[in-house]
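Colleague: Per full-length UniProt numbering, residue 1 is the first one in the sequence shown, and the count goes up by one each step.
None of these hints come from the bench; they were simulated from the model.
Be a bit skeptical, because a hint or two may be false.
27 Å max Cα-Cα, derived DSS-like pairs, lysine-lysine [as the list claims (entries may be wrong)]:
1) K133 / K169
2) K181 / K169
3) K271 / K281
4) K181 / K202
5) K243 / K271
6) K180 / K195
7) K169 / K180
8) K181 / K198
9) K266 / K281
10) K271 / K260
11) K243 / K266
For each label pair, taking beta carbons as the anchor points, the in silico distance ranges come out as [claimed, not checked]:
12) P160 / L23: 17 to 27 Å
13) Q278 / E254: 54 to 64 Å
14) E184 / L222: 54 to 64 Å
15) D182 / A205: 28 to 38 Å
Owing to the predicted nature of the structure, the values given are computational and were not obtained by experimental measurement.
C-beta: ideal position from N, C-alpha, C; glycine also.
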Amino acid sequence: MAAVGPRTGPGAGAEALALAAELQGEATCSICLELFRDPVSVECGHSFCRACIARCWQRPGAGAAAAPRAPLCPLPCPQCREPARPSQLRPNRQLAAVAALLRRFSLPAVAREERESPEAVAIGCAQHGEPLKLYCQDDGRAICVVCDRAREHRAHAVLPLEEAVQEAKELLESRLKVLKKDLEDYEMFRSTEEKESKELLKQMAAERENVGAEFQALRAFLVEQEGRLLGRLEELSREVTQKQNENLAQLGGEITQLSKLSSQIKETACKPDLDFLQEFKNTLSRTVLVGLPQGPCPAGAAMCLPPSQAQFLLR
């Protein structure tokens, strides 16, 4: 069987120091953050200094010199908020003895380090000087246990500060999830819009190229038709001019012949009777042989052209 006694070894000092610090934390009042002085226990099992719990449960408006008369109605425990009856406070003599021993033999450096660590530092209430361990949901600010018993917060919803922080973090996390989902939806919508816009612009560019090619082909066709029609018109103009010149030349010859015949008739008519009768038959026969001229028809020069050409000009 191993002997019971103090441990010795290289790590014994550090272990003893850690044990002393842990024991000092267990013997510290959660209200004043000091070693217990006249500790009392409430019905839920938590212990506090008698003066600290009395100050927390003190009614608003009561002076410091007023008699510490215990109220009859249950009041919340400053640590767990469970209802406790002030008349049922019980002295905790064992805890008082441990606190006294620690006060005699505790290491000042350890106690100072514990009090000055970020975890042990609590922001005090500006009005009461107590640590801000509660959170008023109606006012939206941290309060101390004394503020919780004040008239202005008596009907308010009050939570432990850690619980309020946890609820606020959970609420922010839920809102963050919703915002992330909305952000993903908007990103997807923007990607779809960009894709559809690019596809539409691509289709418009292809349609623009098709329209340009069609109009280019149409312009080439019109230029070809214009050249062909102008060439045909030029050819018809030459043919009309040639036919007109031929008709004019023929008409000139006929006019000359008719002028000569007219002059002969006039000369015959002026001769004496015997000569007139002798030449009358010859002159008359020459007028019958001449007949009508072979010139253009009354419809004009277009009627002298081939039917296809005449229809083209008269359209």
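Colleague: Indicate, hint by hint, whether the structure satisfies it.
Modeller: Structure-based check of all given hints:
Proximity of K133 to K169 is assessed by CA-CA distance (about 17 Å); at most 27 Å being required, the pair is judged to hold. Taking the CA atoms of K181 and K169, the gap is about 18 Å. The hint holds against a cut of 27 Å. A threshold of 27 Å between alpha carbons decides the hint, and for K271 with K281 the separation of about 14 Å falls inside it, so the pair holds. Distance restraint check for K181 and K202: the Cα-Cα separation of roughly 32 Å exceeds the 27 Å cut-off, and the hinted pair is therefore not satisfied.
Of the pairs offered as hints, the one joining K243 and K271 is violated, with about 42 Å between alpha carbons and a cut-off of 27 Å exceeded. Straight-line distance between C-alpha atoms of K180 and K195 comes to about 22 Å, which keeps the hinted pair within the 27 Å bound. Annotation: proposed proximity of K169 to K180 holds, straight-line Cα distance about 16 Å (limit 27 Å). Distance hint between K181 and K198 is fulfilled; the C-alpha atoms sit about 26 Å from each other, no more than 27 Å.
Straight-line distance between C-alpha atoms of K266 and K281 comes to about 14 Å, which keeps the hinted pair within the 27 Å bound. With a C-alpha separation of about 17 Å, the suggested pair K271 and K260 falls inside the 27 Å cut-off, and the hint holds. Our distance criterion of 27 Å between C-alpha atoms is broken by K243 and K266, whose separation comes to about 34 Å. Separated by about 25 Å at the C-beta atoms, P160 and L23 satisfy the suggested range of 17 to 27 Å.
Taken as a hint, the range 54 to 64 Å is violated for the pair Q278 and E254, whose Cβ atoms sit roughly 28 Å apart. Separation of E184 from L222 is about 57 Å and conforms to the stated range, judged on CB atoms against 54 to 64 Å. For the pair D182 and A205, the supplied restraint of 28 to 38 Å holds, since their beta-carbon distance comes to about 34 Å.
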